[in-house]
Amino acid sequence: MSILSLKNVSKSFGALTVTDDVSFDVEPGQALGIIGPNGAGKSTLFNLITGNLMSDAGTIHFDGADVTHVPPMQRCLSGIGRSFQIPQPFDHLTVFENLLVAATHGQGKSEHEVEQECARILEQTEMADVANDPAGGLRLLQRKRLELARAMATNPKLLLLDEIAGGLTDAECTALIETIKGLHTSGVTIIWIEHVLHALTSVVERLLVLDFGKVIGLGDPDEIMNSREVKEIYLGIEV
Amino acid sequence: MSETSLYRVQTQTRASYSAGAVCIALIIVFILLPAFAGRGLIQDLFFIFTMLVLAQFWNLLAGYGGLVSVGQQAFVGMGAYAMFGGVILWGMDPVPAILLGGVAALIVAIPTAFFAFRLQGAYFAIGTWVIAEVMRLLVAQWKVLGGGTGTSLPRTATREMWATEWIQTTFDVRSAAARDILTYWLALALVIMTIAGIYWLLRTKRGLALAAVRDNVEAAKSVGVDAVRMKWLVYLVSAAGTGLTGALIYVQKVRISPDAAFSVTDWTAYVIFIVVIGGIGTIEGPILGVLIFFILQSLLADYGSWYLMVLGLIGIAVMLFAPRGLWGLISEKTGLQLFPVRRRLVVNAQSKTED
Ligand SMILES: Nc1ncnc2c1ncn2[C@@H]1O[C@H](COP(=O)(O)OP(=O)(O)O)[C@@H](O)[C@H]1O
Ligand SMILES: [Mg+2]
Numbered sequence: 001m002s003i004l005s006l007k008n009v010s011k012s013f014g015a016l017t018v019t020d021d022v023s024f025d026v027e028p029g030q031a032l033g034i035i036g037p038n039g040a041g042k043s044t045l046f047n048l049i050t051g052n053l054m055s056d057a058g059t060i061h062f063d064g065a066d067v068t069h070v071p072p073m074q075r076c077l078s079g080i081g082r083s084f085q086i087p088q089p090f091d092h093l094t095v096f097e098n099l100l101v102a103a104t105h106g107q108g109k110s111e112h113e114v115e116q117e118c119a120r121i122l123e124q125t126e127m128a129d130v131a132n133d134p135a136g137g138l139r140l141l142q143r144k145r146l147e148l149a150r151a152m153a154t155n156p157k158l159l160l161l162d163e164i165a166g167g168l169t170d171a172e173c174t175a176l177i178e179t180i181k182g183l184h185t186s187g188v189t190i191i192w193i194e195h196v197l198h199a200l201t202s203v204v205e206r207l208l209v210l211d212f213g214k215v216i217g218l219g220d221p222d223e224i225m226n227s228r229e230v231k232e233i234y235l236g237i238e239v
Numbered sequence: 001m002s003e004t005s006l007y008r009v010q011t012q013t014r015a016s017y018s019a020g021a022v023c024i025a026l027i028i029v030f031i032l033l034p035a036f037a038g039r040g041l042i043q044d045l046f047f048i049f050t051m052l053v054l055a056q057f058w059n060l061l062a063g064y065g066g067l068v069s070v071g072q073q074a075f076v077g078m079g080a081y082a083m084f085g086g087v088i089l090w091g092m093d094p095v096p097a098i099l100l101g102g103v104a105a106l107i108v109a110i111p112t113a114f115f116a117f118r119l120q121g122a123y124f125a126i127g128t129w130v131i132a133e134v135m136r137l138l139v140a141q142w143k144v145l146g147g148g149t150g151t152s153l154p155r156t157a158t159r160e161m162w163a164t165e166w167i168q169t170t171f172d173v174r175s176a177a178a179r180d181i182l183t184y185w186l187a188l189a190l191v192i193m194t195i196a197g198i199y200w201l202l203r204t205k206r207g208l209a210l211a212a213v214r215d216n217v218e219a220a221k222s223v224g225v226d227a228v229r230m231k232w233l234v235y236l237v238s239a240a241g242t243g244l245t246g247a248l249i250y251v252q253k254v255r256i257s258p259d260a261a262f263s264v265t266d267w268t269a270y271v272i273f274i275v276v277i278g279g280i281g282t283i284e285g286p287i288l289g290v291l292i293f294f295i296l297q298s299l300l301a302d303y304g305s306w307y308l309m310v311l312g313l314i315g316i317a318v319m320l321f322a323p324r325g326l327w328g329l330i331s332e333k334t335g336l337q338l339f340p341v342r343r344r345l346v347v348n349a350q351s352k353t354e355d
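Protein sequences, first through last, are from chains R and D. The working numbering numbers the first residue of the first sequence as 1 and each following residue consecutively. The working numbering numbers the first residue of the second sequence as 1 and each following residue consecutively.
Derived from the structure by calculation, the hints contain no laboratory data. Check each hint, because a few of them may be wrong.
[As the list claims (entries may be wrong)] Computed, partial: chain D to chain R, Cβ under 7 Å:
| no. | residue |
| --- | --- |
| 1 | 9 |
| 2 | 205 |
| 3 | 211 |
[Unchecked claim] BS3-like mimics (lysine-lysine), calculated; alpha carbons at most 30 Å apart, straight line:
| no. | chain 1 | residue 1 | chain 2 | residue 2 |
| --- | --- | --- | --- | --- |
| 4 | R | 157 | D | 231 |
| 5 | R | 157 | D | 205 |
| 6 | D | 205 | R | 109 |
| 7 | D | 333 | D | 205 |
| 8 | D | 231 | R | 109 |
| 9 | R | 231 | R | 7 |
| 10 | R | 214 | R | 109 |
C-beta: ideal position from N, C-alpha, C; glycine also.
Isolated chain R (complex conformation) (with noise of 0.2 Å):
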């Protein structure tokens, strides 16, 4: 059975249709990959899944539940976890306790029980030597870093990361790879949006291709990257 589901889901902000129509489903423990260009609606999708934002049509399940019309916070403790396209920090708390935040309340534990896994994620990420740092200090990729540190605090199911690796060095490319690469191994089911196509293709195994808010692309990412939609869209950004 598929962990996440959704059925002809849409989403206007006005007259503009942002999501249109869109039904796909992930296996657990999957790893799918979504392109599209800018404002295609790649991030609203993330909030209609994430219930940041309600769908105006569709269902949406998750680990097999309805949660079309559950509240973002009841959907995390059962799960989905994300990174911000653009960084959502907790300001005036510093590093560490972005991830206790996340950890306490994302898994409904004690401070003392997590305390030990926030700092390994810390580690993971490269984040320990700013543990104690306000968090609204950050240069920007850092917030980044903290993006997914913060979504890996509540020990989700589903992973929604959203733009991470934009910006990057090779080497901090290839060290983010790896962290991602880490947690599909260990069973965590990922939904990545991403530029950066090649660091994008090494993790995913399926792609999802969508323009103006339909999906005009899904399977193998090598016969999607080669499809004629997909060049005709990306000879647009990538050049």
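Following the hints, put chain D with the ligands in place on chain R, whose structure we already have.
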């Protein structure tokens, strides 16, 4: 666990241990003070303590919960009037009737929250003020409690008030002075419980959630924080605390009127001033703020409207040049934290040498 942990979490600072010791010493001095101090000092301290409690609760609401209310006088007034109701209508002793003030404020806070939480930012502020005005007008219709002109606690009730006889004989004072000592002790107890309670809350995982909601609601929800529940929690807790304080203030004042008990200047404007100049979002801030406020008031009280203007100018200057208040400046310069809530991740020295 067999493996030794590489990290541990530290929440105390050296300053906080000293602060704890100073606090305990101060509390002992304050408890014993009525034996030495004159009535004037006891009254001044009562004023400082009660304003500090109001400031701590407004700070919890605005500084931690992000709910900027200008209607806290609603709860001061309701608390005070509920206490009067208990005494005059049911013949209760004023001291237990103070608890009635807290309960009444809590009860009116529930329906008003449903209304106020639909409003955001400035609209929330205005909404809370409107609610307070409506309550003032309603209470002014309550003829048994003096209507618009107000009333006083019955003489029998104040003279036979709980514990005053014992205070009279022990300290050899008259009944009015004994009442001042009693309310002073109650205010002291309220300050201690308020600060200890808020400090405890901030050090639990709810405190972390509160800070997360204040900083970024959407992100907080996405990491499993129940943002709505946190809002309710701080709103109801500060309403109940403010109601208790209002009731206590009017046990000491003895005379009440709707205009005084629901005064936006006395119970909200001054309180905001205290929190803003002291430092919003910290426990230390309101403590420093209330001392500055008291000194300014003692110096300038004779100058009437000039006094209010000076307060306003100081408030604006602090907001412009020290947005985190005077305590913010101090702790930035010195790193001092008397009530630390930070969870610091530190490397265990022991496991480091084992590596
Ligand atoms: N809250 C919102 N209100 C109105 N329009 C929005 C909102 N969020 C996104 N949009 C619009 O929806 C479209 C898709 O946005 P988004 O999902 O962020 O695209 P992508 O992530 O694919 O770049 C854009 O045109 C954007 O301007
Ligand atoms: Mg996007």
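Okay, the hints, checked on the actual structure:
About 5 Å separates the beta-carbon of residue 9 of chain D from the nearest beta-carbon of chain R, less than 7 Å, and the hint is met. Checking residue 205 of chain D against chain R: minimum C-beta separation of about 4 Å stays under 7 Å; hint holds. Because the beta carbon of residue 211 of chain D sits about 5 Å from the nearest beta carbon in chain R, less than 7 Å, this interface hint is met. Annotation: proposed proximity of residue 157 of chain R to residue 231 of chain D holds, straight-line Cα distance about 29 Å (limit 30 Å).
Between residue 157 of chain R and residue 205 of chain D the CA atoms are separated by roughly 23 Å; this keeps the pair inside 30 Å, and the hint holds. For the hint linking residue 205 of chain D to residue 109 of chain R, the alpha-carbon distance of about 9 Å falls within 30 Å, and the restraint holds. A hinted pair counts as satisfied when its Cα atoms are at most 30 Å apart, and residue 333 of chain D with residue 205 of chain D qualifies at roughly 28 Å. A threshold of 30 Å between alpha carbons decides the hint, and for residue 231 of chain D with residue 109 of chain R the separation of about 21 Å falls inside it, so the pair holds.
With a C-alpha separation of about 27 Å, the suggested pairing of residue 231 of chain R with residue 7 of chain R holds against the 30 Å cut-off. The hinted pair formed by residue 214 of chain R and residue 109 of chain R fails the criterion: a straight-line CA distance of about 39 Å is larger than 30 Å.
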